[in-house]
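Number of protein chains: 2
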Amino acid sequence: MGIDNRSRIFERGLEILGLIANKRAGVTVDELCEEIRLHRTSVYRYLGALVREGYVDRKNGKYVLGTKVLELASLFLERLDVRETAHPLLVELAEKLHATVHLAQLAGPEIIYIDKIETHRSLPLYSRIGKKAPAYCTALGKALLAFIPPERLQLILRQMTFKPYTDRTVTDPGRFFEELQEVKRTGYAVDKGEHEEGIFCVAAPIFDFYGEPVASVSVTDLMRNSLDKENRYVKEVTRTAWQISFALGSKRRTHLDGGR
Amino acid sequence: MGIDNRSRIFERGLEILGLIANKRAGVTVDELCEEIRLHRTSVYRYLGALVREGYVDRKNGKYVLGTKVLELASLFLERLDVRETAHPLLVELAEKLHATVHLAQLAGPEIIYIDKIETHRSLPLYSRIGKKAPAYCTALGKALLAFIPPERLQLILRQMTFKPYTDRTVTDPGRFFEELQEVKRTGYAVDKGEHEEGIFCVAAPIFDFYGEPVASVSVTDLMRNSLDKENRYVKEVTRTAWQISFALGSKRRTHLDGGR
DNA sequence: TCCCATGTTGCGAAAAACGCTACAACAAAG
DNA sequence: CTTTGTTGTAGCGTTTTTCGCAACATGGGA
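If you're matching them up, the sequences are chains B and G in order.
Under our numbering, read the first sequence as residues 823 to 1082, first letter to last.
Under our numbering, read the second sequence as residues 823 to 1082, first letter to last.
Rather than coming from a laboratory, the hints here were simulated on the basis of the structure.
Careful: at least some of the hints might be erroneous.
One copy or two, either will do: identical chains are not told apart, so a pair holds if it fits within one copy or between any two.
Below 30 Å or equal to it, Euclidean Cα-Cα: the simulated DSS-like pairs (lysine-lysine) are [claimed, not checked]:
no.	residue 1	residue 2
1	K1014	K985
2	K845	K918
3	K881	K1006
4	K918	K881
5	K1006	K845
Using the sequences and the accompanying hints, generate a full structural model.
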């Protein structure tokens, strides 16, 4: 952490950019002079650089943010990989709960695991990074399906065949759809041995900058668990999912918010 | 047009920010030194300011864009009333045509996407909000260039380099100018695989209260389409553009009316 | 251990910014 | 039609800041 005050001019320039950003209606040169206590001439020179580089535009004699900031933000988002962002938080979650944690994306009517964190106590499971599993009988899948746009959901439902993996697997489309509504309402999904016998999962969706569900995170344990433990899983998984969403720049405040 | 080279330091700082933005994997101090031919010490001081203000973060010893750029971009988008006004109408258009819809602004000789609506059937495209594309080979760009004041057009034309993206890209300035006249006459622009191979676009300009073209709206599809479908796209896109213009208080009755 | 890459600090020479004045272009007011 | 005010440029002496050098930490990896 370099606490080096020695690039004052550049810092002041950035400060001016920040000031302009925070005035939605635009700002005049004199207002800027007032705020940073500089001579008009000097402010013009900062503005010249900002305008030349595209960070600031002139609109009806006032200065407003330019398109360059959008361009940078797009590059910032491009670099943001859900997996990279999520990983440390997933490790933290796995360690806190002493259980296996998964990260998955939708791939048609299936999910694909894109990350997996095991702890010393974790169970031998079917999953592996890159492996696929059906979406309709996994918590990870349901957490995602519940939040995608209705048209896309319909499309995916049509591609699905509800094959029973265990005697708890939901195979009735109507009942499945109802379950998704419940997931949408509560913000998390569960799987009680619907895919693998005796395996219990809780999952929550992760939203990106645009409010779109891009991945989901889950914790896995044996089914013979107390209600207390189950509640703790729900709480921690949703918390982690929310943290990841936040790190991705999501604007959602709760799972009930609409996208965008 | 302030041609005042006198804020070199600030400008150089912004240049450094731009360099960092364009390296997705992050950049080291020495790489930056190389690029701008400055001593390592100085670069550190610029970076110090950028990190302090949140424009840049350190990630594994490399420097990458920070969250501040996202923050500014969201403020930028918030200020755009075109976008807010247009959004519901764009969604409607996308649903009606089952195709991807874009909203863009001019940014010098390029366009920048400020909104994008996808449907379940939409194509995987290169675009993203905040991303830029050349104006001369996109329908969105041509729809805007055709309606800006001649002096401004001349200025922008001088900044353009006509690089061929596909073998259909128009690279002759004279022919391009003629095409703009045609766009001005008909009120809409098309792009038949001039930017992305096999991609077809129709765009129409949006005018604000003062009759100035402030944005354009487009619909995108594959090129293998019937003339009927093409005509439908033209009709619907221009209709939506007019609705948005109207909502912005545009006084134009047709695209042939003069501005102001 | 030494080495090399990475990051921090002190200081003088050199360069840039600051802010003064002056001035042009334009609009609104008198 | 002049006056007054606003907005943006330009030149230049003075003052402040930066630049780049060298020296100095730090902290792995061969």
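Discussion item. Within a copy, between copies, both or neither: which one fits K918 and K881 at a CA-CA cutoff of 30 Å?
Written reply: between (44 Å within a copy, 25 Å between copies)
Fill in: Intra- versus inter-copy proximity for K985 and K1014 (alpha-carbon distance at most 30 Å)
within (16 Å within a copy, 45 Å between copies)
Worksheet item: How would you classify K845 and K918 at a CA-CA limit of 30 Å: within, between, both, or neither?
Response: neither (39 Å within a copy, 35 Å between copies)
Worksheet item: Taking 30 Å as the upper bound on the Cα-Cα distance, should K881 and K1006 be classified as within, between, both, or neither?
Response: Between copies only: 25 Å across chains, 43 Å inside a chain, cut-off 30 Å.
Worksheet item: When no copy is named, should K1006 and K845 be tagged within, between, both, or neither for a Cα gap of at most 30 Å?
Response: Neither, since 37 Å and 35 Å both go past 30 Å.
This entry does not satisfy hints 2, 5, going by the numbered hints stated previously.
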